[in-house]
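There are 4 protein chains.
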Amino acid sequence: MGARETVEVTGHLMDSGILSRVLDDIREYGGDFVIEEFDVGHEAHDPSSARITVEAPDEESLQRLLMRLQTRGVNQLSHDDAGVTTADRDGVLPDGFYATTNLDTRVRLGGRWYDVQNPEMDCGLVVEESGSGDRRVRTVPMSDVARGMRIVVGAAGIQVSVPGPAPAVEAAMSFDADHGPERPQTVLVRQVADGMRQSRKDGKRLLWVAGPGLVHAGGVPAMTALVRAGWVDVLFAGNAVAALDIATALYGPTPETDTRPGHEHGHEHRVRAVNTIRGAGSIAGAVRDGVLRSGMMHALVTAGKRFVLVGSVRDDGPLPEVHTDVVEGQRAMRAEIHDIGYCLMMATQLYAVATGSLLPASVPLVCVDINPATVTRLADRGTGQGRGIVTDVGLFLEQLALELVADYRRG
Amino acid sequence: MGARETVEVTGHLMDSGILSRVLDDIREYGGDFVIEEFDVGHEAHDPSSARITVEAPDEESLQRLLMRLQTRGVNQLSHDDAGVTTADRDGVLPDGFYATTNLDTRVRLGGRWYDVQNPEMDCGLVVEESGSGDRRVRTVPMSDVARGMRIVVGAAGIQVSVPGPAPAVEAAMSFDADHGPERPQTVLVRQVADGMRQSRKDGKRLLWVAGPGLVHAGGVPAMTALVRAGWVDVLFAGNAVAALDIATALYGPTPETDTRPGHEHGHEHRVRAVNTIRGAGSIAGAVRDGVLRSGMMHALVTAGKRFVLVGSVRDDGPLPEVHTDVVEGQRAMRAEIHDIGYCLMMATQLYAVATGSLLPASVPLVCVDINPATVTRLADRGTGQGRGIVTDVGLFLEQLALELVADYRRG
Amino acid sequence: MGARETVEVTGHLMDSGILSRVLDDIREYGGDFVIEEFDVGHEAHDPSSARITVEAPDEESLQRLLMRLQTRGVNQLSHDDAGVTTADRDGVLPDGFYATTNLDTRVRLGGRWYDVQNPEMDCGLVVEESGSGDRRVRTVPMSDVARGMRIVVGAAGIQVSVPGPAPAVEAAMSFDADHGPERPQTVLVRQVADGMRQSRKDGKRLLWVAGPGLVHAGGVPAMTALVRAGWVDVLFAGNAVAALDIATALYGPTPETDTRPGHEHGHEHRVRAVNTIRGAGSIAGAVRDGVLRSGMMHALVTAGKRFVLVGSVRDDGPLPEVHTDVVEGQRAMRAEIHDIGYCLMMATQLYAVATGSLLPASVPLVCVDINPATVTRLADRGTGQGRGIVTDVGLFLEQLALELVADYRRG
Amino acid sequence: MGARETVEVTGHLMDSGILSRVLDDIREYGGDFVIEEFDVGHEAHDPSSARITVEAPDEESLQRLLMRLQTRGVNQLSHDDAGVTTADRDGVLPDGFYATTNLDTRVRLGGRWYDVQNPEMDCGLVVEESGSGDRRVRTVPMSDVARGMRIVVGAAGIQVSVPGPAPAVEAAMSFDADHGPERPQTVLVRQVADGMRQSRKDGKRLLWVAGPGLVHAGGVPAMTALVRAGWVDVLFAGNAVAALDIATALYGPTPETDTRPGHEHGHEHRVRAVNTIRGAGSIAGAVRDGVLRSGMMHALVTAGKRFVLVGSVRDDGPLPEVHTDVVEGQRAMRAEIHDIGYCLMMATQLYAVATGSLLPASVPLVCVDINPATVTRLADRGTGQGRGIVTDVGLFLEQLALELVADYRRG
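Going down the list, the sequences are from chains A, B, C and D. Heads up, the first sequence is in my numbering, so the first residue is 286 and it goes up one at a time. Heads up, the second sequence is in my numbering, so the first residue is 286 and it goes up one at a time. Heads up, the third sequence is in my numbering, so the first residue is 286 and it goes up one at a time. Heads up, the fourth sequence is in my numbering, so the first residue is 286 and it goes up one at a time.
Calculated directly from the structure, the hints in this document are not laboratory data. Quantities reported herein were computed from a predicted structural model and do not represent experimental measurements. Please note that a few of the clues may not be correct.
Copies of the same chain look alike in the list, so a pair counts if it works inside one copy or between any two.
What the hints assert, rightly or not - Here are the computed lysine to aspartate or glutamate pairs in the DMTMM-like style, where the Cα-Cα straight-line distance is at most 25 Å:
id : residue 1 : residue 2
1  : K590      : E621
2  : K486      : E606
3  : K590      : E414
4  : K590      : E313
5  : K590      : D375
6  : K590      : D419
7  : K489      : D400
8  : K590      : E606
9  : K486      : D389
10 : K486      : E414
11 : K489      : D317
12 : K590      : D429
13 : K590      : D365
14 : K590      : D624
15 : K486      : D331
16 : K486      : D624
17 : K489      : D389
18 : K489      : D479
19 : K486      : E322
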């Protein structure tokens, strides 16, 4: 680490989460830090303050990190003047330009502090001097830069102030929510695969929780391959997903339903499929009798894996293995919770929430759904160890099978 | 075709879309039909009626198709009695049972019509006779079937009536919307690949329209491979996606941003990246000078492909090639519309709607987004030839590259 | 009706839904029609054709309606030349200009048909003549109109062709889905109020189905007022909404939870609330003993209204009245289905789908939720009579109480 | 404050945000605190620890707060034994029962610590003693409580451990995001009204930013009333919302569009409306000439209020006042930023993000949209002072007009 600088920050640091973000920033920029002094208010409403020495690999990184920290209200201790350089082209800021925030900002020039007029985000700072020697500093958008303008560079000699929390509507949703459907999903698939491999290496069981969207999204071939290859030890699900899987196995997708679920058509199929399995006495019985010959439930039965199906008020039938009493169903799920090393939840909110309540917090759990609301709903139940991935369940399973099942060929 | 039956339907057939659904149903069940008679009302408010002979591969399929058609209010002409069979087990309906709708239903027994009491969906119909010979027919849920009950089988001798449109809230959203994030997405990927291959075989150009979500979702490696392999002739986009792609190319994803975009960090990167390219005079210039060495924009420039970037009010900079005047930008897009054989839109609403307006309806276009609202918004502009796929853009591109680029290896 | 014109259309009319849209268009433009001739293909794959006389209140409306119908491929029978007018200002099209579609279009001039080059949406058509007398017709965007250009006006002399369904990805989601969070919601509130008034006037019962979102969205005061004023006869719900309502009644919203639910806090409240009610033996018992003194469940008990609570796998407790066996729960709901005149479902998918299956199709039902996915999900169960409103449940209830409860004052 | 207890917590306190949540909890339960000791690690990877004295209004509140804090890994310093009480009824836990988390938990009994077997959320803890005097403590769901069981009450003598961050998928979305479409929205409306009143009292200007959804959702009557009553000083918008407002004003909603927008119909209306205004030279000119007589834009012009319209690539026309050059448009917006005291953004993402960049962080801003993605997107631009409300824009405006405009009657 070559470059370092000491900074200070004052405010309701822990309370507002600022300090935690400052440390995140330092890591993101590849830096390190030492907390030199930390003065925490004793009473609930006292502000606290910290003095932190920040290090970065080189001077340029340090300057950019310091600019970044200023967006959090973290300022340099040293009171040097700001650096200033002349723009040599219209419409282009000089290298190392100070990129503005929309916070109240002061710039030190010739030993004096100047307030920046009209703070605006993502601009440069231009220093203007009148004939009479009056200075002012204002923001300039990149496209309004003119050759010859005096532009502030680096983070030295600049102070910003973070306003307190906005008084109006203060309890409403903050914008900080991290909602991202926008993730490099292939990386996440590999992390899930690694988690499952680790769990298996540790001799732990893999728990899956699934909803009907898994079948609708075309995930059955990948799921079946994963079951056969030993990546599913227990499945928690409802009547709907099992009935839909079995209906597809019994009646086959028509050319149309191959790409268009034809919900209503499939619905009638489901009712008949459930009746057929009831006639066979059980799903396991239907497999044994050769009535049910493919699909996810068939794979679970033939591989000798466990499944717990619990009913809900919307069920048709239901299938014979379904626990129609939900308290009994919870007990059956509870009995399978032992030795779980990893839990993957796909395309279900109801069963995911139910499982999240039963599972010890020490078990890593991942919830995959295309609907962000489903993924975030688990927060309501305090299952704080969970992680959510907003993506397409069908394509996710496809990629996961490519990762985990050696000879998996797509559909 | 072995089995056939003549049915009739009366109502505002074309108006309500019923007839079109009936024909869909027949196709879904593998059947065929001949319209024997079609009496269309001459005035706007006259009902019309049709007599149709329906055929199916075998008697069982025909019976199930006829039951299906009844959900549309299509009844058999013949006035035979309904078939009745005795349930031989508790909780299981006999094979071929008539699966109910929640429509008003009548059953013909001994030459008389009986109204079904309490119509309910997905039940069986049980025929009960009192000691005095009074008959009644009622719905029975599967789980309430008792051995010995007399259950209706097949579709003969049953009539249903479809109610008129509900008077209240009649203009609100119908439930018929086909909203499905739930599709076998791997099939859709292949259809898109086929469409693009066909377009190339026809000597037509491939147009892509992209938003920043493409980069956030980790789609750049796949996109770059597709550009290099010749699957992108023209790209329409805004400043944001190009700036984000270039910022990633210039500053690289840190270990953290590899899996967590770190929006704000990336944001500061974007502003500097735009300034750097402005300094180089253009994206093409930055590639020539060796400043920009990877990413989607780099691939387009080195492959000599076309791109049109049009500005928007939220832009930083913008990049030099960006048309800041939107009317000029539309003209530039219009100049690239010729000879397009296929158009793929990803993770953008603004540019998708703009392109949809410019593109002749004869060009197949597909819009991919994880947000259903974006996909359906194109309807507002009447671009009726488009198709939407609600899925994860990153995984979709990954699969598409696996389909189209011979030696593509995942990231 | 002053103005009329005869048009023709050929294609898979019923099949593709075109005819039904044509009739919708005519109504939207305040017109009327007579079907002069309708030739329906007898075999499944035959095209059909129709000749329709269209009427509109005046010539201008008629011309605009005819232009509209052309977007459906409906052309005028008469083969007159197109009208042409000179633009008298830059950037402005003449009144009555023909607004283009992006369909293949021909224009008749001097008895000859000219193909429009580069069809594009929402443009005008400019007629250009070379010195040698060659004519061409092309689209011109509004901003590119120059004074003196010859612009087509009216719909006469114009023919468009609708392409067949796009071959690629043909089974994917069509863009026609009508999704709309964007509705004049105050109008919908009044329609629901009217439907409920009509049902009460008819001596029918009002059925409500509710999920926990009703409480989270602050709907309890409005709901309580509606119960007291007699607008709720039966409530179907799960354990969660009742527990949440009771927890709020017992422990009160803290100043914070007033605007921020504090899910986890509320969650611990819910567990204790359920335990308290179990201690009292029942909700009704807790009301009688003075333990429970406010809220929705309290209002239902004191007003002597019915409620059916059915369990689900995620329940805590559950409350004593909850049917833990879902098949028993379905039976209990079924027993309350009689004489329902109107059904309103709010903020629940699970109980809405369950109720939709039980309810005869003749009962008007409206489903209100802020999540479009919930509203459209009912389609999967074929409950075709339902209507959906995508809006905020709390504000919807507030407005509904203002409509229906004479002295309702906002909380 | 009557009751107090000293607790301790160790870990990466600031880093993980735990401490900030602990303080939130204390406030939510109406308590207060003094930080007795705070030992912050000096190096980046050192854990820190804190000793905090917590106070609550009474002993019962304190016990419940302490149980709450344990979900964060905050344990009591004092090492008393846990309290134990006998359940006197089946299925009901004793008052004051300890409600479990799913964290690893230990209970102190007779001076010894016992690990809780199978940690599960929302259960009680039962103490069991074998004949040989061996003790074990396990979780018991409420419904499995049997009379005579020995149940733990209160928070004394209990220790929980919070696991470190889950190693797998650690960068994926955390479940902590607070998304919530589920808010007591009427309270939020009042807070916005208060913010706007305060701003007006301070002599500041009110800035609105609007998208087309405002018109679709039926918000024009409320918006018009708010403009007339002086609650809008400046409007930032695009071509689409102004064109839609003007089209509705010029052509009026037909009975159908009153409740169903008829997007395509309205779309053709929009193109003609834009052309008409272009013919009049400007929106202001059209108002002056009596061409435009109602709606939001009319109200702004007649009230002499400011508006800045900036173009986008999808625009038709556009309207004469629209800045087609987006950089010029940004300059025009920038020129109106002075003296803004409150900013309300409705149904627009593009213009909200653009405005968020220009606005100083000291201006309170609220973003209202039915789509959670739009609301959270502002986070990408670091506009940290903003607040989001996920609700129906039409009903929100209706309520806001009822709050702010004395004689406002609903449409």
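Under a CA distance limit of 25 Å, which applies to K590 and D365: within one copy, between copies, both, or neither?
So K590 and D365 fail the 25 Å test inside a copy (69 Å) and across (45 Å) alike.
Checking an output row: K486 and D389, CA cutoff 25 Å. Within, between, both or neither?
between (54 Å within a copy, 23 Å between copies)
Within, between, both or neither: K590, E313 at alpha-carbon 25 Å
neither (43 Å within a copy, 35 Å between copies)
Up to 25 Å between alpha-carbons, please classify K590 paired with D419: within, between, both or neither.
For K590 and D419, the Cα distance exceeds 25 Å both inside one copy (81 Å) and across copies (35 Å).
Cα distance capped at 25 Å. Does K489 pair with D400 within a copy, between copies, both, or neither?
between (61 Å within a copy, 21 Å between copies)
For the identical chains here, do K486 and E414 meet the 25 Å Cα criterion within one copy, between copies, both, or neither?
neither (69 Å within a copy, 36 Å between copies)
Alpha-carbon proximity between K486 and D331, which holds within one copy, between copies, both or neither at 25 Å:
neither (50 Å within a copy, 30 Å between copies)
Under a CA distance limit of 25 Å, which applies to K590 and D429: within one copy, between copies, both, or neither?
neither (67 Å within a copy, 28 Å between copies)
I want to check one pair: K489 and D389. Are their C-alpha atoms no more than 25 Å apart within a copy, between two copies, both, or neither?
between (54 Å within a copy, 18 Å between copies)
25 Å Cα threshold - placement of D479 relative to K489:
within (14 Å within a copy, 43 Å between copies)
First find the shortest C-alpha distance between K590 and E414 inside one copy, then the shortest across copies, and answer within, between, both or neither for a cut-off of 25 Å.
neither (78 Å within a copy, 35 Å between copies)
Up to 25 Å between alpha-carbons, please classify K486 paired with D624: within, between, both or neither.
For K486 and D624, only the intra-copy Cα distance (13 Å) is at most 25 Å; the inter-copy one is 56 Å.
Going through the hint list in order, the structure does not satisfy hints 2, 3, 4, 5, 6, 10, 11, 12, 13, 15, 19.
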